[in-house]
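Undergrad: Chain residues, written in single-letter form:
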Amino acid sequence: GIQVEQSPPDLILQEGANSTLRCNFSDSVNNLQWFHQNPWGQLINLFYIPSGTKQNGRLSATTVATERYSLLYISSSQTTDSGVYFCAVLISSGSARQLTFGSGTQLTVLP
Amino acid sequence: DVKVTQSSRYLVKRTGEKVFLECVQDMDHENMFWYRQDPGLGLRLIYFSYDVKMKEKGDIPEGYSVSREKKERFSLILESASTNQTSMYLCASRPPSGSWYEQYFGPGTRLTVT
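Chains as they are written, first to last, in this note's numbering: chain A, 1 to 111; chain B, 1 to 114.
The hints are simulated quantities; they were obtained by calculation from the structure and are not laboratory data.
Idealized CB from N, CA, C, for every residue including glycine.
There's no promise every hint is true.
Negatives, chain A to chain B, calculated, CB over 12 Å [what the hints assert, rightly or not]: (1) E5; (2) P50; (3) L59; (4) R68.
Taking CB as the label site, the calculated pair distances span [said to hold, decoys possible]: (5) B:L41 to A:S60: 21 to 29 Å; (6) A:L110 to B:G40: 16 to 24 Å; (7) B:S67 to A:S7: 36 to 44 Å; (8) B:I77 to A:G57: 17 to 25 Å.
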């Protein structure tokens with residue numbers, strides 16, 4: 001099956017710094033999502049980004065599907081950005097579609 | 001707002017016990033999912049259901065079963081809990097296939113099997 005790899009596995013930043021998280025996938029996909037899991041465990045959709053670039057406030061994401069990677073940019077990081085960031089791709093299985101997740105990047109933003 | 005709730009945030013069970021994890025969503029979604037999350041492994045799909053009484057195995061179904069008797073409720077069952085099932089369990093639901101990327105997650109249940 002398709003492999004989804006994220007880097008770095010852990011990242012510690014000082015508040016105000018910028019960061020880039022990377023997601024590589026082993027096969028061609030026409031869909032990709034980024035999620036944020038806050039320190040209390042709640043997982044939230046950030047971006048659906050099969051290709052191109054999207055921005056939402058201090059966060060932006062770029063997917064280059066032909067080269068099989070996606071990047072999540074966090075600018076002027078805040079302590080509330082801490083948590084785990086996952087990328088996931090959609091695969092078809094049986095009668096439904098399901099997400100395959102990467103192993104995540106644990107981000108800690110220090111005050 | 002879509003709401004996905006799970007019956008417990010924290011649960012401690014003994015080896016060999018039968019464990020039920022309940023998930024309820026209030027948006028009439030057809031698709032529901034159970035994942036487990038372990039450090040360094042991300043989220044792995046255990047089972048999913050695309051309709052009442054329908055279920056399909058995910059990537060790691062061994063040691064688990066599921067039940068979907070009503071559209072809003074999807075239960076994960078550990079028939080005989082073992083210590084290697086200690087994990088965070090996340091439930092999710094999703095609207096019909098036209099909006100597959102709108103997946104909503106519950107807050108998670110952290111299960112410890114001793």
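Undergrad: Looking back at the numbered hints, which does the structure fail to meet, lowest number first?
TA: Result: hints 1, 2 and 8 break, sorted rising.
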